[in-house]
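Quick note, the sequences are listed as chains A, B and C, same order. Counting from 1, position 214 in the first sequence corresponds to residue 347 in our numbering; the numbering is continuous, with no gaps. Counting from 1, position 284 in the second sequence corresponds to residue 409 in our numbering; the numbering is continuous, with no gaps. Counting from 1, position 38 in the third sequence corresponds to residue 45 in our numbering; the numbering is continuous, with no gaps.
It should be emphasised that the hints constitute simulated quantities derived from the structure, not laboratory data.
Covered stretches of chain C, as calculated for chain A (at least 3 residues, CB under 8 Å): (1) 287-295; (2) 373-384.
BS3-like, lysine-lysine: derived pairs with alpha carbons at most 25 Å apart: (3) B/Lys-286 x B/Lys-382; (4) C/Lys-30 x A/Lys-272; (5) C/Lys-164 x C/Lys-115; (6) A/Lys-272 x C/Lys-276; (7) C/Lys-16 x C/Lys-276; (8) A/Lys-272 x C/Lys-16; (9) C/Lys-16 x C/Lys-30; (10) C/Lys-267 x C/Lys-30.
Quick list of the computed label-pair ranges, beta carbon to beta carbon: (11) A/Val-214 x B/Glu-167: 16 to 24 Å; (12) B/Leu-333 x C/Thr-346: 40 to 48 Å; (13) C/Ser-232 x B/Ala-233: 31 to 39 Å.
Where a beta carbon is used, it is the ideal one built from N, C-alpha and C, also for glycine.
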Amino acid sequence: MIELQAVNKRFNPGQSNECRALADIDLRLERGGITVFTGPSGSGKTTLLTLIGCLARPTSGRISLDGRLLSNLPERFLTEVRRHTFGFVFQQFNLIRGLTVLENVMLPAYPLGRPYRELTAGARALLARFGLEPKAGSKVEWLSGGEAQRTALARALINDPAVIVADEPTANLDSRLSREVLGLLDDLAAQGRTVLVSSHDPLVFEAARVRRRLELRDGRLVGDHPC
Amino acid sequence: MLMSPALVALGLIAFVATGAVLLACGFALRILGCWDLASGGELQVRLERRTYLISTLLGFALGAELLSLLLFVHTAESLSSQFVGAMCATGVLNANAFGFPALLLKIAVFFLAALWLLLNRIDNRGYDYPLVRLKYGLLLALAPLTVAEATVQTLYFLGLKPDVITSCCGSLFGADGRGAAAELAGLPPEPTLVAFYGTGAALLVSGLAFRRRLRLGPLFAAGCALAFGVAIAAIIAVLSLYVYENPNHHCPFCLLKAGYGYLGYALYVPLFVAAAAGLGAGLIAPLGRIASLRAVVPGEVRRLTWLALGGFGIFYGLATWVIVRSNLVLLG
Amino acid sequence: MRVAFERQKYLIDYTLAALLRRKTRNLGLLLVYALLVFLFASVLLLSQGLRREAAALLQDAPEVIVQRLAAGRHDLLPADWLDSLRRIRGVSDARGRLWGYYYDPAVKANYTVMAAAERPLAEGEILIGAALARVRAIGVGDVFSLRAASGPPALFKVAGILEPSSELLSADLLLLSESGFRALFQFPPERYTDAVLTVSNPREASTVARKIALALPSSRPILRSEMLRTYDAVFDWREGVTFLALAAPLLAFAVLAWDKAAGLSAEEKREIGILKAIGWETGDILRMKLWEGALLSLTAFLLGYLLAWWQVFHGGARLFAPILKGWAVLYPDFRLTPTVDPGQILIVLAVTVVPYIVATLVPGWRAAIADPDAAMRG
Ligand SMILES: Nc1ncnc2c1ncn2[C@@H]1O[C@H](COP(=O)(O)OP(=O)(O)O)[C@@H](O)[C@H]1O
Ligand SMILES: [Mg+2]
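Between the sequences and the hints, there should be enough to build the whole structure, so can you do that?
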């Protein structure tokens, strides 16, 4: 469903601090299952996920989603696609302090203008599913690491995206909490969502539905292992 | 020179709005020269990001221009006590040669600005910037008008001298005078009223037809422009007589006075809004053919058509009420 | 349509919460903003009130006043002029008036002394304005002394305090009987200060004035409409000048607003990055920033306008009264009639909100175009 052809990404092109983060990536990702991106720090995992998730545009190359060419499209268009297709989970949780758990979960849906009643009901259902119901009204700064990451996961699901993009979701969690979060990602894959995870945490491969492992090094794809 | 807060505020608005429009013109030239949606290059990304700023800035600037027409007329009316010979806004506008040109320019800017705001609103809802060239092309046409408006208005304010003896509305809108105003005042009442209601009926029919068939857009726009003109003529030729209950008083500005219950505002605001909405609806209807606007334009057109018909409805309703209630008998 | 409406509601909701989270940071700006609105609104409300009072006063003023000039200097008017004036077509009545100024060194103020034609006063009785009564601390029944032109102080018994609906022009007024007035000033008999005319058709007042000038070449007719015009022009001028004088604080405010808007905290930058990453568009962030400005403006406007309202209509308008009324020692403790004028609100909005928008738009936009992938990086 997602196809990358000869994708390059340079930062600060033409300047002295030019950095080639990705080089000639050719990749085809199918619908469903968990795909893991591994590689040492600085190898380009995050950059690749931002390109796939329409958060940034490649310097050159083509990216298409379900046959529709996305690279070179205006940011406004990419946002439109991103909202409906991708849900994001970040390494640093990236919750907005001062807002409640419920409000944080609802945030991605604000620009879509869904009716309030429907939206809160949807958010509460997600919270219930992740065992966060009792925390709905509390501010996110009081959450533990595992609760924070589960909140982030609920937030990623509020617009019902087909693809979940998780960049090192377990990096800030201990093994028990990591397993818990990975279990949840596994459930999502079981429901038919596509899950893209970057990680250098071996725990990730314990998840039952890891379908494929892609290895990056210095911005190049150096390994493609089915699991 | 005369000095009052309203003049200061109007001057400020004109100054800021013109500055914004000129700034945007520089940007418009770059858009017309370098815009290439398919490129995705550095320059294109910068231009795309800048469109947000420019279109918001213009939204405010032109929105302020719309309001400033209202404030201008209100101010002219409220200054009338300070001029010897002025009974209403007519005398104040007549106090020097720039008054009426300023008003006409402001009206022209009003309609063009409304149209631009509409295009901007629609363009912002299409993800691939469908109207970007049209929008900034129109801006280049609008700019000289804005500059002229600000200049003429400033000349007008600077030239306002309280010791000048101006003429009141009786001489400008007298049926036996010369010029366009007098011509309008001299129109015979009965045919004017027939034309007035005839145009209203035709507009209603074309509006309802237009709501079904968007192809009829230009027709509806033309109808609205015609109805606007006929309405203004009818106010000067007939409606004013009924309001003042005096067979010789044709002034379209005395209506704004508190003594007539601010009836003028109740008539003019719906009329101008309706005319702008109707023109806009008719002119944007053909844009529905653009792929990214196919989902946007029909709804917008329908809403604007309702707004236009509603505005004209209020105007015609009030006008009829005025005629029916008046003690003046014009038609045997 | 509904979607757009809901979206704006969500944006407002988020913006309100964000503003409240940064209370202290926004409070300073809000106060300065409100102060600015307060200043502009005070000037407008006060002068509007004064203008209205003046107009109400002139409503009862005579259509035409006739003075006599001697080579351009105001001179006393002989009684036989009144008959000549009454004979002019269009004049239904002419009445002589007796009035003058009296300087009181004790309070360093000018009183207006007038012979009360309509009130039955005995020769030793006097009616005084309320402000005067306050300053001199006297009441009904007390004795009020004035230096007479003949030398010894003339004593009057206070028969009443003038308390008309508006105190503005009667604050420093003294009313005497005609004979009392003539005795006090040693005013020559058969002479008047000026004359007031009643005109049968007010629209013809200017024609009447022309006829008077022809019939009595040394006369100077003054029309009510002229006085009204002068009042209006004076108030407008003072208002306008005060507005221009407020340009400096306005500029300072714009700079402050720019500074506040441009200096986003790291926390706020992070929030905007997150919002963009999870699906907000540049336009959404910009709209949120505009709502922030709108909410701040609205609060500041309400705060400033209501405060101005209160101080002008209930607090005695201490602040701008000297500029707008002209200096006077005897401040009338006046109560203006409260009014709201949409045109006025539009003006206050134009001069305060426009500079605010201009100052904050560019910084807001800069914040909004943050890269959406920033949130993925630490
Ligand atoms: N915004 C940026 N500007 C400049 N260089 C960047 C930027 N983001 C990432 N890089 C560089 O790109 C390379 C890949 O980074 P990243 O994708 O974050 O790797 P990973 O996620 O595998 O650790 C690194 O060398 C990093 O320094
Ligand atoms: Mg990384």
